[in-house]
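Quick note, the sequences are listed as chains U and X, same order. So the number in the numbering used here is just where the residue sits in the first sequence, counting from 1, plus 973. So the number in the numbering used here is just where the residue sits in the second sequence, counting from 1, plus 639.
Hints are computed from structural coordinates only; laboratory data are not their basis. Quick caveat, the model's predicted, so the values are computed rather than measured. Using N, Cα and C, we set each Cβ at its ideal position, and we do this for glycine too. Honestly, I wouldn't trust all of these hints.
[As the list claims (entries may be wrong)] Away from chain U, derived, C-beta distances all over 10 Å, residues of chain X:
#: 1; residue: Ser646
#: 2; residue: Glu656
#: 3; residue: Leu686
#: 4; residue: Lys712
#: 5; residue: Leu723
#: 6; residue: Gly744
[To be verified] Partial list, derived from the structure: chain X residues whose beta carbon lies under 8 Å from chain U:
#: 7; residue: Met650
#: 8; residue: Tyr672
#: 9; residue: Gln683
#: 10; residue: Arg689
#: 11; residue: Tyr693
#: 12; residue: Asn739
#: 13; residue: Asp740
#: 14; residue: Phe743
#: 15; residue: Ala745
#: 16; residue: Gly746
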Amino acid sequence: DTGVSQDPRHKITKRGQNVTFRCDPISEHNRLYWYRQTLGQGPEFLTYFQNEAQLEKSRLLSDRFSAERPKGSFSTLEIQRTEQGDSAMYLCASSLETANYGYTFGSGTRLTVV
Amino acid sequence: AQTVTQSQPEMSVQEAETVTLSCTYDTSESNYYLFWYKQPPSRQMILVIRQEAYKQQNATENRFSVNFQKAAKSFSLKISDSQLGDTAMYFCAFPPLGNNDMRFGAGTRLTVKP
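Excised from the complex, chain X in its bound form (with noise of 0.2 Å):
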């Protein structure tokens, strides 16, 4: 099954603090690409970062980052100087076999406190 889970629901953070949201997922390819989507309060998903599962250097996009371990299937975004407008749902994301369409996690809810 072509699966994307990410266990935290919900996490805060401080401002000007770092945190990481963890996402995992199942495949059986060995060349994929992986996402993160950031959904501000009732505003548009937009696109956060792209990681290429062939290359072993983790993206960095700004403050976000990634942590990329392709053995573990594990996929967790950092976020460093955490600002007000980083508030939103993040949604962890892969096109499964095929490429045709893009699984989402469930999100997790960051609210970034002041």
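Extracted from the complex, chain U is given alone in its bound form (with noise of 0.2 Å):
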């Protein structure tokens, strides 16, 4: 197992341009995390999976976001209509069971909408 990944590694849209994330957490992980970072900030959470079941959804994803996990396995996020308040890394991050065993992060999807 090589660990979660995420792709594509950069991405640069123009403006109302849609743009979907893929991510691939460790196989035996069951929850599945998104955040979005922006520079000089800490995570900010998005939502999580428990196996396919999107369980929470944060305020911060708008009915533009869309994320899904068919068959418990990679997700994927959909931004649709791109903003340039959009421009953020993404994160992914898997875990075993809940939080508290700590999260193993993807390197991120910077999104660039210019």
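If you follow the hints, you should be able to join the two separate chains into one complex; please do so.
Set out below in structure tokens:
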């Protein structure tokens, strides 16, 4: 197992376009999390999955954002009609059972909206 | 409110010296877990150390140790014999009520100088 993988590493898109990011967690981890991190700040929680079920969504996750985790394996995060304010690092993490075990993070996808 | 506060945006230390990073948190729970994560420049976030609140003994991991003061809701990280590779952003974090996700502080940027 190579840890948590995220693809792409970098994405530059024009305002108004849709983008989709992928995350492959550690295979035995039940939980998968998405966070957003802006420059010089700590990660902010967006949403998490327990297997294939999306159990919680932050208020930061507007209607333009959608996440899926089909079959409880990899996950995708889609942003529709991107805005400049969406520019950030999008981090994926996974954990065994609950967050009390700690997270394993991916390298992140850096989104730049121009 | 379940919050995490890191009051030191930036710190620096000479190589081989000791530095302490501060963190305070707010929770109404009696049993919980606390974490320090390290995010090197342009690299992924990794877990440094984990503390269980019901354990009085402070956690240690090689050169990294914590000073956990439960009554004061304080959780500081001590780095001994600082190395150039310790240069990174350091985030204090804990899972709030329900253990569903991790809340992060704003981070402390540590620079180790040769």
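How the hints compare with the structure:
1. Ser646: Given a closest Cβ separation of 13 Å, the condition holds.
2. Glu656: 25 Å, holds
3. Leu686: 5 Å, violated
4. Lys712: Answer for lysine 712 of chain X: holds, closest chain U Cβ roughly 18 Å.
5. Leu723: Label holds. Min Cβ-Cβ 21 Å, cutoff 10 Å.
6. Gly744: Given a closest Cβ separation of 5 Å, the condition is violated.
7. Met650: 14 Å, violated
8. Tyr672: 5 Å, holds
9. Gln683: 4 Å, holds
10. Arg689: For arginine 689 of chain X, the interface hint holds, since the closest Cβ of chain U sits about 6 Å away, which is under 8 Å.
11. Tyr693: 12 Å, violated
12. Asn739: 5 Å, holds
13. Asp740: Nearest chain U Cβ about 5 Å off; hint holds.
14. Phe743: The hint holds - phenylalanine 743 of chain X has a Cβ within 8 Å of chain U, the shortest such distance being about 4 Å.
15. Ala745: 5 Å, holds
16. Gly746: 5 Å, holds
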